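Participant: Given chain A, work out where chain B should sit, using these hints.
Residue numbers (the working numbering), protein chains in the order written: chain A, 1 to 114; chain B, 1 to 113.
Rather than coming from a laboratory, the hints here were simulated on the basis of the structure.
These figures come from a predicted structure and were not determined experimentally.
Treat the hints with caution; some may be incorrect.
[Stated by the list, open to error] A few chain B positions that, by computed beta-carbon distances, are all more than 10 Å from chain A:
#, residue
1, LEU48
2, ARG54
3, ASP66
4, THR102
[Unchecked claim] Here are some of the chain A residues that sit facing chain B, going by a computed Cβ distance under 10 Å:
#, residue
5, TYR35
6, MET41
7, SER84
8, VAL88
9, PHE90
10, CYS91
[Stated by the list, open to error] What follows is a list of derived Cβ distance ranges for each label pair:
#, chain 1, residue 1, chain 2, residue 2, range
11, B, ARG41, A, GLY53, 27 to 33 Å
12, A, ASN28, B, GLY59, 46 to 52 Å
13, A, SER80, B, THR77, 47 to 53 Å
14, A, LYS9, B, GLN14, 50 to 56 Å
15, B, GLY40, A, SER69, 29 to 35 Å
16, A, GLY16, B, GLU53, 47 to 53 Å
17, B, PRO113, A, GLY53, 48 to 54 Å
18, A, ASP26, B, SER94, 30 to 36 Å
19, B, SER51, A, THR70, 30 to 36 Å
20, B, ALA82, A, GLY40, 21 to 27 Å
21, B, THR77, A, GLY40, 27 to 33 Å
22, A, ASP38, B, SER28, 26 to 32 Å
23, B, HIS57, A, GLY51, 45 to 51 Å
Glycine included, each C-beta is placed from N, C-alpha and C at the ideal position.
Residue-level listing of the chains:
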Amino acid sequence: NAGVTQTPKFQVLKTGQSMTLQCAQDMNHEYMSWYRQDPGMGLRLIHYSVGAGITDQGEVPNGYNVSRSTTEDFPLRLLSAAPSQTSVYFCASSYSLAGGYEQYFGPGTRLTVT
Amino acid sequence: SQQGEEDPQALSIQEGENATMNCSYKTSINNLQWYRQNSGRGLVHLILIRSNEREKHSGRLRVTLDTSKKSSSLLITASRAADTASYFCAPRYSGGGADGLTFGKGTHLIIQP
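For reference, chain A alone in the conformation it holds in the complex (with noise of 0.2 Å):
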């Protein structure tokens, strides 16, 4: 398995430019979320979805959009990008929250601003 999978690994973009960063994970996995890392600030999370068709903003969702169209995908959508959405951006997976299951990150994509 190769489980959580992100690209790209890093972006820059000009501010108003638009982009989508790219996730999939192989594991069959109900539970999919986004989060940004910034310095000091922790991990916050953007979206999330419990399952194909269906998705819900978290803590700092906009600025962002998703879907969920199959179980494997969850792409995130940078409508216009601002120099505040440089961050880090790590997507993770989870069999269900229910229960307690532990989350699966990808390795990140490094997004820069300018």
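Facilitator: Leaving out everything else, chain B in the frame of chain A:
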């Protein structure tokens, strides 16, 4: 959701010593998880302790949970240079709904050779 709070924020010890870090949280939990993050990498799950457990071991790791004090501790025994990383706790609150785990700022552990 409310995040756990790790303490201390930074810890530097000599190789071979034990490292202890703590986590405090706010309300009743179903379980609490600990994760490790090596520099520039994703988080890796270390151990999960359920609310009805008081202590759990995994290799050189020992986790305790005191629900009366709403706190947990992670002990790493006989530390190694490879243990240098940030450590995060993630409480899963009772009735926490379908959202994600929340993470604090972590404890940054440095093992000096």
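Participant: Hint by hint, note whether the structure agrees.
Facilitator: Verification of the hints:
no.: 1; hint: LEU48; result: violated, 6 Å
no.: 2; hint: ARG54; result: holds, 16 Å
no.: 3; hint: ASP66; result: holds, 18 Å
no.: 4; hint: THR102; result: violated, 7 Å
no.: 5; hint: TYR35; result: holds, 7 Å
no.: 6; hint: MET41; result: holds, 7 Å
no.: 7; hint: SER84; result: violated, 19 Å
no.: 8; hint: VAL88; result: holds, 8 Å
no.: 9; hint: PHE90; result: holds, 6 Å
no.: 10; hint: CYS91; result: holds, 9 Å
no.: 11; hint: B:ARG41 with A:GLY53: 27 to 33 Å; result: holds, 31 Å
no.: 12; hint: A:ASN28 with B:GLY59: 46 to 52 Å; result: violated, 28 Å
no.: 13; hint: A:SER80 with B:THR77: 47 to 53 Å; result: holds, 50 Å
no.: 14; hint: A:LYS9 with B:GLN14: 50 to 56 Å; result: violated, 34 Å
no.: 15; hint: B:GLY40 with A:SER69: 29 to 35 Å; result: holds, 31 Å
no.: 16; hint: A:GLY16 with B:GLU53: 47 to 53 Å; result: holds, 50 Å
no.: 17; hint: B:PRO113 with A:GLY53: 48 to 54 Å; result: holds, 51 Å
no.: 18; hint: A:ASP26 with B:SER94: 30 to 36 Å; result: holds, 32 Å
no.: 19; hint: B:SER51 with A:THR70: 30 to 36 Å; result: holds, 34 Å
no.: 20; hint: B:ALA82 with A:GLY40: 21 to 27 Å; result: holds, 24 Å
no.: 21; hint: B:THR77 with A:GLY40: 27 to 33 Å; result: holds, 29 Å
no.: 22; hint: A:ASP38 with B:SER28: 26 to 32 Å; result: holds, 29 Å
no.: 23; hint: B:HIS57 with A:GLY51: 45 to 51 Å; result: violated, 34 Å
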